[in-house]
Amino acid sequence: MAWDLESLRLLWWVLLGMAMMGFAVCEGVTLGITLLLPVLAVADGEKQDLIGRIAPSGLANLAWLSALVMIVFAAWPIAYAVALASFYPALFLLLLGLLFRPLAFFFLEDCGPRWREYGYKALFVGGLLPAALLGLLVGNLLKGIPFHLDSDMHIRFLGDFAGLFNLFSILVAATTLALLALHGAVFAQLKTSGELRLRAKAMVQRAGLAFVLLFAVAGLWITHLEGYHISSEILPNDPANPLAKFVKRGEGLWLDNYEHLPVLWLIPALAFIAAIAALGLAKWDKSYWAMLASSLCVAMVVLTFGMSMFPFLLPSNISLNSSLTIWDSSASPLTLHVLLWVAAIALPAMAICSRWLFGSFAEKVG
Amino acid sequence: MLVDTVVELSRWQFAITAILHFLFIPLTLGLALLLAVMESAYVWRGRALYKAMAQFWGRVFAINFVLAVSTRLVLIFQFGLNGSYFAHYVGDVFALPLAIEALGSFFLAAALFGPYWFGWDAMGKKQHLCLTWLIALAVNVSAFWVLMANGWMQNPVGAAFNYQSYRIELSDFAQLLHNPAALAKYLHTVAASYVVACATVLGIGAYWLRLRQDDALARLSYKLAAGAGVLALGVTIGLGDSTPTLDNPVQQAKRAAISGQPDSGLLPGIEARIRNGMQAYALLEQLRDGDTKPQLLADFERFKQDLGYAMLLQPLHKQIDEASDKHIKLAAQSALPAHPGLLRGLYLLMIGCGIVVAFGFVLAAWGGMGDKAMPDWLLSISIYLAPLPWLASVAGWFVAEAGKQPWAVAGLLPTFWAVSSQSVTQLLVSSVGFSLAYLILLGLAVFLLRQTVMSRRIVNKEA
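Quick note, the sequences are listed as chains A and B, same order. Take the first sequence: its position 17, counting from 1, is numbered 17 in this note's numbering, and each next residue is one higher. Take the second sequence: its position 419, counting from 1, is numbered 419 in this note's numbering, and each next residue is one higher.
Worth flagging that the hints you see were computed from the coordinates, not collected in a lab. In this text, a Cβ means the ideal position worked out from N, Cα and C, and glycines have one as well. One or more hints might be untrue.
[Said to hold, decoys possible] Ranges of calculated distance between the beta carbons of each label pair, as one might list FRET restraints:
| no. | chain 1 | residue 1 | chain 2 | residue 2 | range |
| --- | --- | --- | --- | --- | --- |
| 1 | A | TRP221 | B | GLN314 | 40 to 50 Å |
| 2 | A | SER151 | B | ASP247 | 46 to 56 Å |
| 3 | B | PRO375 | A | TRP341 | 56 to 66 Å |
| 4 | A | LYS121 | B | ASP289 | 50 to 60 Å |
| 5 | B | LEU183 | A | ILE273 | 49 to 59 Å |
| 6 | A | LEU213 | B | ALA174 | 50 to 60 Å |
| 7 | A | TRP3 | B | GLN295 | 30 to 40 Å |
| 8 | A | TRP115 | B | ARG47 | 29 to 39 Å |
Chain A with its partners taken away, still in its complex shape (with noise of 0.2 Å):
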């Protein structure tokens, strides 16, 4: 036993966030094309290619996602059982947007001109209502969760669907749309030819813009937005029990850990640097390189909100001692050191495999 449990909660902190950043660049490219079917691509043709391009890295883009959800569930078991239980609705819809994809990737190839049709309008719902969801439940991450826990730990929820769509919330995902929309148009760029590389290649502009906009009122909004704070002592060796702390909440408090460690503000610095690069590659077609920067922006987005939420993985909005942390909601250390090496190990070579998947092999299909 190398490591106190304080290192460990750390480190499973660092891979929390290697698996999100993982996932949203992956997966961000099945979302951004799917949910700009219709807007791309004209032709059956021009569809059939586009689902061609990402058809081969589709089912390895979802099992990012239950990489993403297995590591909460299993280094952080009752965020994961606050996260899933409260978010219950939003999360019923982004599995039932996602639940045909994999059978339109594959198989609508085969179909006949009206099968396709429905096909392609599954793939646009499957990619527009997850990629919105999504940014609606960071928007609400940062807002805090309405959720109480009990002495012996039962979850109590107080919020309801109608609950999750709030301003600020809402802001989040069109800023997530506009994102997703840059990443996938990158690609589509990257990938396509004649016609269909010109749209993309306007896409880009647009969507670009779009985000650099929005991802700056929203962090605007953040100085105003009541943040989290952990008021009482942290105590980072302590068995797991989110009940032993206090907590306050106070305007701009999510920008806490920048004004203690400046640096920091170079992730969210460069997340636009990466987004206005992307457009100006994109524009002179130096498309390989106008993805990386996307790349570099999604993940650099998912940083910056990961950095304001430190050490907070889920607040309370309205028990504010219930919030989840970090240092209080882990697994026990025998579990975290277990899985720790899987992580270490799976993780780097998930992002190989999955680079491998978009380039080498993408290209030779169709």
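Starting from the known structure of chain A, arrange chain B on it as the hints suggest.
Chain B only, in chain A's frame:
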């Protein structure tokens, strides 16, 4: 506590999503290995027939695999959506094997499927064969980890309650890996899956042979399936599933139910455990109030493994530590399977199917030898044989899971404690929604499979 409707709806929703997911698993698992064997034969011998075979069955595999992956996604959310207290209470142990699977074999199988599907012409023969073998390996390893988690719920070893975090935590990973319930379950379930796959291949092969006796692809598939089927069935029956022979009260009750013997002999033991659990519960209250005297801790350690039994009292009497003898008797009764007749019936159905299928496979293997034409009656039997292993699989799964009730985790956590506090409307809407979506998926799968079998489509081109 929660309304009964919420508990019932949550259980139904979980059962529906789990059973429909499970429908796609046995064929995927068994067919993957057969595919690898067929493709190896092609790469080694270079005959076009072997390639056509690998590609045709590859498409059948693909339909099942793709649906197995997407329905799987719903299942990993279900533990949190509907079982959030379960997720908190045992997640530290239960999620570990599943996370290992999600990060390892599941990702591998899902990631390699794209190249497998699109790569027949784009990559070299040997490279592609490599992919097929890796997928076959990965789905089998996946099943191992999933059944580790499942077996742990039948026989929770290597874990203990921690009063500070108020949940079950892992205490010994090696013990979790060597769980006798999980190992027996793995071998039994995987072998049964191979039987399902072989019976399906056999049935479809026989269907074609009835149309044309000189159909080479069908003949070869038939032979392969009959041979592999006899082997897999021998393993399935030979090993059996030793889970019910384990010596914990939950498995004893299950064993009593399926053997049709009265199970009232178990009641005194369960009542004693409930009383122990009540002690543990009372001590736990004191511990949480900050009293951590060594004597108190030692007492709690002595009784804590029966804490789950005291939870059974909750629907009968809100204040667990003040329950009367009458309540204890009722609670003990509720720990026994509610419908022993149903369990016994399904158990016998599983055994019966197994015996019939065994005869069928031996007959098919004998009739399929050599190159002479096969009689129509044998082919008809082979066709009607196909659904039986499936029925046996589902019945066996039901006996194992329903026989565990009222427990979510045997002896540790009753099912009614495990569910989330969702609203009835939310559960109704989502249950109907999931059921509809799954029905549509199932319909599409049947449509695609039918189309594939009838027109003999191969992986991504017309034959």
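Status of each hint after checking the structure:
Our hint of 40 to 50 Å for A/TRP221 and B/GLN314 holds, since their Cβ atoms are close to 45 Å apart. Roughly 35 Å separates the CB atoms of A/SER151 and B/ASP247, a value that falls outside the hinted 46 to 56 Å. For B/PRO375 and A/TRP341, the hinted distance range of 56 to 66 Å is satisfied, since their beta carbons lie about 58 Å from each other. At roughly 59 Å, the beta carbons of A/LYS121 and B/ASP289 sit within the given window of 50 to 60 Å.
Remark: the range hint 49 to 59 Å for B/LEU183 to A/ILE273 is upheld by a beta-carbon distance near 54 Å. For the pair A/LEU213 and B/ALA174, the supplied restraint of 50 to 60 Å holds, since their beta-carbon distance comes to about 55 Å. Under the hint 30 to 40 Å, the C-beta atoms of A/TRP3 and B/GLN295, about 33 Å apart, fit the expected range. Range check, A/TRP115 to B/ARG47: about 35 Å between beta-carbon atoms, so the 29 to 39 Å window is met.
Consistency with the previously given hints fails for number 2 only.
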